[in-house]
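Q: So the chains spell out like this:
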Amino acid sequence: MYQIVGKKSLNPTVTQMEILAPFVAKKALPGQFIILRVDENGERIPLTVAGCDRVKGTVTIIFQIVGASTESLNHKKVGESIPDFVGPLGRPTHTEGLKKVCVVGGGVGCAIALPVARALHEQGAEVTSIIGFRNKDLVILEEEFKACSKEFHLMTDDGSYGRQGNVVAPLKELLEKGETFDEVITIGPLIMMKFVCAATKEYGVKTIASMNPIMIDGTGMCGGCRLTVGGEMKFACVDGPEFDGHLIDFDEAMSRSRTYAEFETHEREKTCNLFKQEVK
Amino acid sequence: MAKFNMNPLKNPMPSQDPQVRNGNFDEVALGYTAEMAIDEAKRCINCKNRPCVAACPVNIKIPEFIAKIAEGDFEGAYQIIAEDSSLPAVCGRVCPQETQCEGKCTRGIKAGCEAVGIGRLERFVADWHNANCTTQPVPGPRNGHKVAVVGSGPAGLTCAGDLARLGYEVTVFEAFHVAGGVLVYGIPEFRLPKSIVQKEVDNLKALGVKIETNMVIGRVITIEELKTEYGFDAVFIGSGAGLPKFMKIPGESLKGVYSANEFLTRSNLMKAYKADSHTPIQHGKCVAVVGGGNVAMDAARTAKRLGAEVHIIYRRGEEELPARREEIEHAKEEGIIFDLLTNPVKVLATEVTDPRDPAYGWVAGIECVRMELGEPDASGRRSPKVVAGSEFTIPVDCVIMSLGTSPNPLLKATTPGLETRKWGEIAVDEVGKTSIEGVYCGGDAATGAATVIAAMGAGKVAAKAIHEYIQSK
Chain V
1 MYQIVGKKSL NPTVTQMEIL APFVAKKALP GQFIILRVDE NGERIPLTVA
51 GCDRVKGTVT IIFQIVGAST ESLNHKKVGE SIPDFVGPLG RPTHTEGLKK
101 VCVVGGGVGC AIALPVARAL HEQGAEVTSI IGFRNKDLVI LEEEFKACSK
151 EFHLMTDDGS YGRQGNVVAP LKELLEKGET FDEVITIGPL IMMKFVCAAT
201 KEYGVKTIAS MNPIMIDGTG MCGGCRLTVG GEMKFACVDG PEFDGHLIDF
251 DEAMSRSRTY AEFETHEREK TCNLFKQEVK
Chain A
281 MAKFNMNPLK NPMPSQDPQV RNGNFDEVAL GYTAEMAIDE AKRCINCKNR
331 PCVAACPVNI KIPEFIAKIA EGDFEGAYQI IAEDSSLPAV CGRVCPQETQ
381 CEGKCTRGIK AGCEAVGIGR LERFVADWHN ANCTTQPVPG PRNGHKVAVV
431 GSGPAGLTCA GDLARLGYEV TVFEAFHVAG GVLVYGIPEF RLPKSIVQKE
481 VDNLKALGVK IETNMVIGRV ITIEELKTEY GFDAVFIGSG AGLPKFMKIP
531 GESLKGVYSA NEFLTRSNLM KAYKADSHTP IQHGKCVAVV GGGNVAMDAA
581 RTAKRLGAEV HIIYRRGEEE LPARREEIEH AKEEGIIFDL LTNPVKVLAT
631 EVTDPRDPAY GWVAGIECVR MELGEPDASG RRSPKVVAGS EFTIPVDCVI
681 MSLGTSPNPL LKATTPGLET RKWGEIAVDE VGKTSIEGVY CGGDAATGAA
731 TVIAAMGAGK VAAKAIHEYI QSK
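Protein chains in written order, with the working numbering: chain V, 1 to 280; chain A, 281 to 753.
Okay, chain A solo, but in the shape it has when bound (with noise of 0.2 Å):
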């Protein structure tokens, strides 16, 4: 075997010049070639109690992909992957990494030292597999059984993937045109490209699982009608988080005011970034995204590529901006401004007061406040308090409001018996079940907003709850 790297540092990522791609909107990382996959898969040191496997929420066998990288065998590598995930080349561009696997790896413990680069040996593989493997996944025996799948999102389309692989007949029922979820219309193109996606999704057909768009279940077909008249032996609710939260600060409604989700399903799913699309966006001179997650990046980063000036505006401070590290990291390199310890109180408009007058009540700019954080609370986190007197405007004609979403009401109030809990969120236990038999649920529309990969455990954890249900019927 091959004798381990020691290099303190990971291989670095080969990207996009960050005043190039800012103009564009293809991919920004363009991936590691083998030789940077091998040399960095030699980083890993094999270790005994293996805390990044405990640290993935799918618990994917790392050690064990990574020591295939290293001895060159790819496909081995993918396959491996391929037992826990069934999004991989997904995962391995928006997981954040640095909480889960790469966050434990020992290699990065010592200061100065980083983790093995996982999430891009993941991302590595599963590409290698795309590109090199013309095989299409064949589906096997069938069981008789058929489940529905609410939401074709990460936690759904793994739900799917792994009902149709243990021989149900699955079919995912999705509200959009396309199939997704937010990997379609939340992920912009140049974090995830949306062939990628397609791919996974083509991968799923071809192992018989069915996918239905244009359905919005709860309106078009109940919950109770998908057991009784459809047939289907269970339910799996992945219908994802929902309705966008505005702050109830004046001026919200102006012309020129995007939720994030608004903003971002123009641009990536309507693909209103490009010239032929009927979808309008505006192309703002200056904008402002006010939050400071992982979405925020994506609309600021987004608005940038549209041409504009962008300003990420944050109560908290750096250190507490919950975005991926590399994202807050590309989107300074990219040229978002941060104002942090700034909270909005208003949001201004033009002093045209003739409602004829096509400039009429847009957003002429943002009214803000400057923070300072307070002593920790019972959370842990430092409360941001208001510093009196502070209050100045940033000269703005858009605003994209990041604050994350509240539950989507619809099949609560289309589903008879579905209990919720305090906020809305859909009541599940540890494995998904919801209170109605039969029916399981995962993902934001059971969480509130979280990731990706918390999705996918979710889907999975279900599947094989459902699996369970189902068999002892």
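If we strip away everything but chain V, and leave its shape as in the complex, we get (with noise of 0.2 Å):
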């Protein structure tokens, strides 16, 4: 068993948790991933570590309240124990010889995105951030990624804080400006990667794309996670999460993401049914 030895809400449809993990906290590098499983019965669920400590074995994770399961996770506090954490899967992300780099979050992707931007900061390399929400109240690790950034844009789609407007918009205009990075690293839903792969490529920017699909095992079992990149089938728990931005074909990333839409709304809806019964 897994212990939860933090919860914190981040925002209202994100959490961010500490759990007890020893063997895993050892190992974790920034890009990594890890699957948890909330009880007896739960489905499997892949998550990108967002910190580790490895003196105290504990590894920070952070999730948007999207399904079932991250529902039920979300009910369990401080104390209790979650029956399987299995990880550090996948590769860890390049940042070896980096020195200008542009962090792009977007949502919960942010939580994903620290710990990268923390790492590039922390061998010297010159970070700019720019985070996304949607509106202010999702708004998450504004001070964390000031703290590790050079240059620092915040945007909100609704303009109720920072400045209105997406990601793309500040990357493009440092882009025109002639501003130069080594690497983009984005991380953040599909849609907004998307684009932000589209801008870097018309200036010739090398970008990577953090790719968060279905998936069950993570070792490279069940071709669940396969994606299409430059041309060829990859598996994202074993060859990525991490691909060139530029390469990977993100209208069929979506679609495969939609699979079990109907399914985990249907889900969900039950859950948060169930959790209601049991407060009356």
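Be aware that one or more of the hints could be misleading.
The calculated lysine to aspartate or glutamate pairs, modelled on DMTMM-like cross-linking and capped at a C-alpha distance of 25 Å, are [what the hints assert, rightly or not]:
(1) A/K565 - A/D513
(2) A/K341 - A/E748
(3) A/K474 - V/D39
(4) V/K234 - A/E532
(5) A/K525 - V/D84
(6) V/K26 - A/D556
(7) A/K584 - A/E600
(8) V/K194 - A/D634
(9) A/K551 - V/D84
(10) A/K528 - V/E96
(11) A/K626 - V/D249
(12) V/K27 - A/E492
(13) A/K551 - V/E40
(14) A/K525 - V/E252
(15) A/K479 - V/D249
(16) A/K584 - V/E262
(17) V/K77 - A/D556
(18) A/K485 - V/E71
(19) A/K692 - V/D244
(20) A/K474 - V/D84
(21) V/K234 - A/E705
(22) A/K584 - V/E267
(23) A/K485 - V/E264
(24) V/K201 - V/E267
(25) V/K26 - A/E492
(26) A/K692 - V/E96
(27) A/K490 - V/E40
(28) A/K525 - V/E262
(29) V/K234 - A/D677
(30) V/K77 - V/E96
(31) A/K565 - V/E40
(32) A/K584 - V/E264
The following residues of chain A were derived to be distant from chain V, with all beta-carbon distances above 10 Å [stated by the list, open to error]:
(33) E355
(34) G392
(35) E532
(36) R596
(37) I617
(38) G641
(39) R661
No lab work stands behind these hints: they were computed from the structure.
Glycine included, each C-beta is placed from N, C-alpha and C at the ideal position.
Two chains, two frames, some hints: make the complex.
A: Encoded structure:
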């Protein structure tokens, strides 16, 4: 069993948890992910590692409440445990030798972008961070990003906080101004990453996108996480989860990510109703 | 001694009615009664050259255990099997007996005659033991040496069991949340009930074997660290086959296309066939399963039980189907349609063009061509050729690709000095020794996709080699 030793709500739909998992904490690197199950009947859900404390043996995860499993996870309290927590899986982010990087995060993806930005900052790279959210209530990790960024942009879709617009606007302005980056690293909703990659392609700036497709085992056995990258089939769990953003078929990835959309909504409503009953 | 039973045919296996069982996940075969087992055991004439023993990958003393059954000493029979096999209840169900022990049986040589039902008898004995013997094995004296086993499938469990019996402190590392490997994620409940696998795992635990789940060796601990930091004297890799193969035809990334591994893992391991599972699975109306092996049969019969019309699409003919005969027969009885000498060329999508429409990007059919068999090639197999202009479409809403697997690259990538063969299988000698001292490997990780019993055989051979290696150090 893996104990929950810390829990914090970052916004109404995003929760941060610290899980006691010493073996994973010892090895996890930015860009890698874990798979957990909330209970014995639970599905296996992949979540990218948001941080870890090698001394305390804890791993930080940040998740958005999107389906039945994340809903159940969010109902777990500090001191309670989850039965399964496996990792680290996937390849770590390649940060070696990077001197000037733009990190573009969107929504809950910022939770995964942050450790990457931090690692780059700690190795002495110059980091520009652009993070975007739907509105003010959903903003997370603003201070943490500022602390490791030389330049920082915060966007909201509705303009309720920061600047109005999406993350592509400031990115394009920077590139237009002649700003150069060794790499752009983008983590967030597929549609956002698609447009980030389209923008950087125009300027020929190498761009890495972190993918989080549906998967079961996370070790290369099921093939559910397959993507088309440069016309070739790749498995996100063993070949990724990060890929050259200019080669990813985002339209296909978006379609595949919706395979169980109907089931998810239904299951989540069932779970919500279950919790409502418990409260009564 | 009772006289032999000279009936040319096996006692038939009592089974659930095909039209009932294709709507449930309960075990298909119900097993012999004691009377049937004794009657069947008497069909063995205890012939001199014992071809069955040589044809068994773990050389179970078959005539001896059958003789015990004939005497009514079922526990005695179990003990004889247990000397050579750690998973009899599993093998009695999933071994391809017709190409192994039963394929060589003297009673089956003459036309119209059937071999002794060795597999059915093995299953009977193992089930009888599990139902009637509550005594669990006890760990013997420890010899102070530690061995790590990577993977808890048939190779790993066999290796672990043999080493534990020799006095080693064995730890099995499993990547999934339950032990059993392909026995739990791959083979369906209706063919191998998971309670049977659990029982075998519990027996190993009683022998003192430690099982650590949720441990992906290579990532969380490397092979090197197992030897140095964690003090294991030797490591056995039984990590299984790995990455599913696809056909590289258009449309394989559409929603509704699964690898057999994914489809079966969702259903078996994650229990998606049960209403209370949180893991989704597509309940197709019409499903095409591409491939002709045991895994294809399992996927097809699972899809059938989830309510679909199911087509097996296979490019060669009936005789070339690589699956066990019994699985093919069962699949046919259950109403699976076999489209043989047929090969897919394209998976077709729904005609919806708006990506926001929920119907966008789903499978709508599979375009195939007819095949004909040419002359036998160097391997003796008749290679299939496309019949020109024979394109046709089967309307389906789900496609399951069951084309085998290629080795998982994870251990190769994280273990410097671990040599692999051409297709990525871990290179081993005849006893399972790899290119790294103290590291052994067996099962699908070394051979590519094969059978449960072959993996068990490799686990057994490697256990012996590991014992010799550690004792000679």
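Q: Output the numbers, in ascending order, of every earlier hint that fails for this structure.
A: Structure breaks hints 1, 5, 6, 10, 15, 18, 23, 24, 28, 30, 31, 35, 38.
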